[in-house]
Amino acid sequence: MSPAVRDVDADTPARYNADPDRLFESSGCAGKLAVFAVRLDTFPAEKRQQVFYIGTNQPQVLTEIRRHILAEFQHLPVAGEYMHRDIYDIAEKYGKDTFLMIDKLGTDKMPFFFTMKGRTDAMLEKVSLFKPHFTDRFMQKLGHVFPAHLPERMKTWRDKYEHHLLLKMAGDGIEEAQRWLTEYFQQAEGDFFACTPEEGSKAFLHRFAAAGAAIRYQAVHADEVEDILALDIALRRNDTEWFEHLPPEIDSQLVHKLYYGHFMCHVFHQDYIVRKGVDAHALKEKMLELLKARGAQYPAEHNVGHLYEAPESLQQFYRQNDPTNSMNPGIGKTSKQKYWGEAARRQPLRRIRNNRRQDYSAWRFCITLHAGECFSGRFRSAAMPAEARYSTVI
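Quick note on numbering: the sequence shown equals residues 1 to 394 in full-length UniProt numbering.
Hints were generated in silico from the structure; no laboratory data involved. Keep in mind that the hints are not guaranteed to be accurate.
Derived lysine-lysine pairs resembling DSBU-like cross-links, with alpha carbons at most 35 Å apart [claimed, not checked]: (1) Lys276 / Lys160; (2) Lys141 / Lys276; (3) Lys32 / Lys333; (4) Lys126 / Lys257; (5) Lys126 / Lys336; (6) Lys333 / Lys276; (7) Lys109 / Lys257; (8) Lys109 / Lys286; (9) Lys32 / Lys155; (10) Lys338 / Lys131; (11) Lys202 / Lys141; (12) Lys338 / Lys257; (13) Lys284 / Lys257; (14) Lys160 / Lys93; (15) Lys336 / Lys155; (16) Lys338 / Lys155; (17) Lys126 / Lys292; (18) Lys104 / Lys141; (19) Lys336 / Lys104; (20) Lys333 / Lys117; (21) Lys333 / Lys155; (22) Lys117 / Lys93; (23) Lys109 / Lys126; (24) Lys93 / Lys257; (25) Lys286 / Lys333; (26) Lys338 / Lys284; (27) Lys202 / Lys257; (28) Lys286 / Lys32; (29) Lys276 / Lys338; (30) Lys104 / Lys32; (31) Lys160 / Lys202; (32) Lys47 / Lys141; (33) Lys284 / Lys336; (34) Lys117 / Lys32; (35) Lys131 / Lys286; (36) Lys131 / Lys292; (37) Lys141 / Lys131; (38) Lys202 / Lys284; (39) Lys47 / Lys131.
Whole structure, please, built from the sequences with the hints as guidance.
Spelled out as structure tokens, the structure:
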């Protein structure tokens, strides 16, 4: 874990997409990307892992846990995932089929199912007999056929506590966390339990299924929902008021507020299900103003896309990596024109010699290549010719 995460008194976020200190090579890029790299294991996987399931009704309790673990623990967590009771409920009902598919079939089958879902929806949209989102509504009904899928102890904690933290420790950190949590909850409001391997796996799978649950809710309740505002935000590391309280004039325009995220680094996913008839764009602007006032950075993980204006430092980073503006024109509300709209003449293309063209015909990327130094890992290829050093289409 980054030393920046341990600095719990810093007045800035631990991580977010546009952080100028972390814009390096492929890090911070978005959209289409070409990376020449060698993928290697960076450290051995821990053989011993343990998930602790923590519940409380007071956000301040989780604040104290986070600050103590990051500042005082010798062994930092593998993961620390937060879920509010509302997203727990939505994910339990509207993420059940996703949970069951992964639990029974594994993650490698998911791309196939998503491809088939997309093709089926595209085909049925042309048939007036079927309402939109047929596959979502069908899968939702199919999920009701199967029995309850979450462990009983998780259900008990859901009924008792509003705020949930999934803390995964490894190695000697397991005993360190067990001792401290046992002592801490002798006086703090809330409780915890050490998960069995099955409980731990299902707890994190439930957290994973939460990411798509709001979209399923919208598909099933299209007559009641105008849109979904999905925000990913990075709060300041010293922010103790991390749990959001919206003003009544905004709260009244929402059906549900769904909070979950990566608690140790204070990066949260906040999905808002907007009531039918509400101007979702205007509502989003009001919410972003509230986040600015809190010192939050956004987007934290999903990058600017074509929805947010990229800060100047991020724009310069994109220009450096893609001087022809060929990979992602218009990203971050930048120019969509070739060469970023600059009037400078196009530089002549230095072509690879004919006797080498066949060997390097696969190098058809619109990206800056620096004699084999790739965006990730600084890997230098002896086979790559010096003639490949240019910034245009081969």
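For a quick check of understanding: which of the numbered hints are violated here, in increasing order?
When the structure is compared with the hints, numbers 8, 9, 10, 12, 15, 16, 17, 19, 21, 29, 32, 36 and 39 turn out to be violated.
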